[in-house]
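Engineer: Residues per chain, in single letters:
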Amino acid sequence: MILFESILDGIRDIKDHFGRTMLQLVGIILGAGSIVATFSLSVAGKTASMEYYRVSGGIQKIWVSNKPTGKVTLDAKALASKGLTYHDALVLKRDAKEIDLVSPVANENMTLRYRDIEKPRSIMGVTPAYSPMNDFHAGQGRFITDNDLATAARVVVLGTERAQEFFGSDDPIGKTLSINGTGYLVVGIMEEKYFSFDHKRNVMRWMNRQIYIPFTTFVTRKGDTLAQGKVSFMHVRMKDVKRNQEAVDEIKGILKREHGTKDFDVFSRVANLKRNEQNNQMYDMTFMICGIISLLVGGIVVMNIQLASFNERVREVGTRKAVGASPAQIFFQFLSETVLVSVVGGLLGIVVGKFFCDGIAALTRDPAAITVGTAVYALVFAAGTGLVFGMYPAMRASRLNPIEALRAE
Amino acid sequence: MGCRLSALGCREPQLASIASTPDSRHPRAKTMSALLQYEQPEPVAQKALIQLDEISKTYDSGENAVQALRGVDVAIEKGEFVAIIGPSGSGKSTLMHILGCLDTPTTGKYWLDGEDVAEMSARALARVRNQKIGFVFQTFNLLPRASILKNVELPLLYAGVGREERRDAAFKALQRVGLEKRAKHRPNELSGGQRQRVAIARALVNNPSLILADEPTGNLDQKTGSDIINIFEELAAHDETIVLVTHDPAIAARTQRRITLVDGEIVNE
Numbered sequence: 037m038i039l040f041e042s043i044l045d046g047i048r049d050i051k052d053h054f055g056r057t058m059l060q061l062v063g064i065i066l067g068a069g070s071i072v073a074t075f076s077l078s079v080a081g082k083t084a085s086m087e088y089y090r091v092s093g094g095i096q097k098i099w100v101s102n103k104p105t106g107k108v109t110l111d112a113k114a115l116a117s118k119g120l121t122y123h124d125a126l127v128l129k130r131d132a133k134e135i136d137l138v139s140p141v142a143n144e145n146m147t148l149r150y151r152d153i154e155k156p157r158s159i160m161g162v163t164p165a166y167s168p169m170n171d172f173h174a175g176q177g178r179f180i181t182d183n184d185l186a187t188a189a190r191v192v193v194l195g196t197e198r199a200q201e202f203f204g205s206d207d208p209i210g211k212t213l214s215i216n217g218t219g220y221l222v223v224g225i226m227e228e229k230y231f232s233f234d235h236k237r238n239v240m241r242w243m244n245r246q247i248y249i250p251f252t253t254f255v256t257r258k259g260d261t262l263a264q265g266k267v268s269f270m271h272v273r274m275k276d277v278k279r280n281q282e283a284v285d286e287i288k289g290i291l292k293r294e295h296g297t298k299d300f301d302v303f304s305r306v307a308n309l310k311r312n313e314q315n316n317q318m319y320d321m322t323f324m325i326c327g328i329i330s331l332l333v334g335g336i337v338v339m340n341i342q343l344a345s346f347n348e349r350v351r352e353v354g355t356r357k358a359v360g361a362s363p364a365q366i367f368f369q370f371l372s373e374t375v376l377v378s379v380v381g382g383l384l385g386i387v388v389g390k391f392f393c394d395g396i397a398a399l400t401r402d403p404a405a406i407t408v409g410t411a412v413y414a415l416v417f418a419a420g421t422g423l424v425f426g427m428y429p430a431m432r433a434s435r436l437n438p439i440e441a442l443r444a445e
Numbered sequence: 070m071g072c073r074l075s076a077l078g079c080r081e082p083q084l085a086s087i088a089s090t091p092d093s094r095h096p097r098a099k100t101m102s103a104l105l106q107y108e109q110p111e112p113v114a115q116k117a118l119i120q121l122d123e124i125s126k127t128y129d130s131g132e133n134a135v136q137a138l139r140g141v142d143v144a145i146e147k148g149e150f151v152a153i154i155g156p157s158g159s160g161k162s163t164l165m166h167i168l169g170c171l172d173t174p175t176t177g178k179y180w181l182d183g184e185d186v187a188e189m190s191a192r193a194l195a196r197v198r199n200q201k202i203g204f205v206f207q208t209f210n211l212l213p214r215a216s217i218l219k220n221v222e223l224p225l226l227y228a229g230v231g232r233e234e235r236r237d238a239a240f241k242a243l244q245r246v247g248l249e250k251r252a253k254h255r256p257n258e259l260s261g262g263q264r265q266r267v268a269i270a271r272a273l274v275n276n277p278s279l280i281l282a283d284e285p286t287g288n289l290d291q292k293t294g295s296d297i298i299n300i301f302e303e304l305a306a307h308d309e310t311i312v313l314v315t316h317d318p319a320i321a322a323r324t325q326r327r328i329t330l331v332d333g334e335i336v337n338e
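Chains as they are written, first to last, in my numbering: chain C, 37 to 445; chain H, 70 to 338.
No lab work stands behind these hints, which were simulated from the structure alone. Quick caveat: nothing in here was measured; it's all calculated off a predicted structure. Where hints are given, some of them may not hold.
As the list claims (entries may be wrong) - Quick look at which bits of chain H chain C covers, simulated, 3 or more residues with Cβ under 8 Å: (1) 163–173; (2) 183–195; (3) 216–227.
Built from N, CA and C at the ideal position, the CB exists for glycine as well.
Hey, can you work out the whole structure from these sequences and the hints?
Structural biologist: Set out below in structure tokens:
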């Protein structure tokens, strides 16, 4: 009961000294706002990254590519090795136990023509595995099939931008597209791939610009045998993300055996992810510490202003004690003032924090979203700051000697 | 008193009954009563409402120890209107602080309305001030940003009284000093004399045992000061106990009794 009245007293006192209260508020608002902004950014950044990974084929994807050995003089084996070939892909599929999908890709620039539109474009020779590997499927018609592969069919699948580019508003399916002079039947258009961090730029746009023909067609067209067919790079999918290192090692082992030399590179996202996570954690931590320091400064501001005001009100404290306020009652009155200011500041700080977030998001293209959790954190921190930093002035007021207080000017 | 003879398996009521019949047939009666007398406190003389016994106050700064009060004895009955008069430095402020439980004496006893307050803790003293003492200060000491009604309510707030009750009691107190019509005004809208009347209302609101006024007319002009003393006289006539500290003999002359302090000692009564 007395506690409640002390709080009401505190409210009235804050109303009376609104200017002072505003000053105290500023500190807390900035502090709480910073916490909201920093915490939100760290959470949001992680969410966006994970989403991007998922959309671009998941973190089970491993890249295998050609790489020069770096040796100045090549030994016989190195000379003999032809780099990555279709044969490697078959061997991996057969022997590697940690993986469940292999997608070899070959690419080259060729000239495309439809009616009077003629342009040089990059063409990719792929297997049916390409589609599930990249979570990229035909929107219209179909993708490359095993049959296409087996028969080295002259079929082509286009990305949405390419379809638009050559066929405009006509339906491309069933029409013939000329690639380096040879006619290919358009059998499918891919779905449109879209992902954006900032709702402005589509980071997956490059996929909409791709053109696929069966790998076998790509290779045999030049007269190579299939097994010799050079592969520009491969995607390999591991079965279990936890066994990332084993998968990578296995692939490396098999390829080394096949090539006799290490003229390839195996890259897994997972390792990258872990490294990124550590970097991010440091980044986040720094960010969050800034937010907390901000709030601490706010707390010191509150405390100082409370002390200053208390010095002004010494006479008043003396009077209250003379009419019988116990030290505890004085303590609660002053403490409740600071806590009240901090809570109000915290609430306002959440609003300000939202603006901070939006501002930073606009500048850095990093998405930021405020969750209920973050808001609660900010409020709790703000109230806690008020409590901790309000203790000292409240103690001093409660311990004031009434006689000296009444004598003061 | 407590039973110190518990080792013997006694219980207080039994003891009392045994002891009260000194020539009872109980074998232990004689021994018991003798021991009991040992245990009982000294017979208490009827104490005045305010009784100060051998009060001394020393402000200790090592070599510069200042004895503000030396062995002061004061007894004030209910309903008395007393002035404590003395020159500056006589110790009258110190005496007032002790009377008002704002300070504790270095030695001596202080009985206020049946309680020994000389050695109470800060918290206990606050309670005594709240319930038994009403202050009127030279500088009024009202809260500047609260209405005079809320000012008068202040002691009740700390006593834990509910809102409705507080407001009613405060209003009644303001009526006693004739300011109920300005209950919602702030102190800075009132004259000096009116402010002092608010202070008096505040001092009365908790039905104190003692009203302590420290130079209440010090900041007022002659006429207004006289009006204030009129109010005190009226309160005294209604059986309020009032102690007024002043250096002005003219004011002191209007009280029933004067205690003169010089150099920390009572010089005459």
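Engineer: Next, verify each hint and record whether it holds.
Structural biologist: Do the hints match the structure? See the list:
1. 163–173: With 4 residues closer than 8 Å to chain C, the region 163–173 of chain H meets the three-residue bar; holds.
2. 183–195: holds (count 3)
3. 216–227: holds (count 4)
When the structure is compared with the earlier hints, no violation turns up for any of them.
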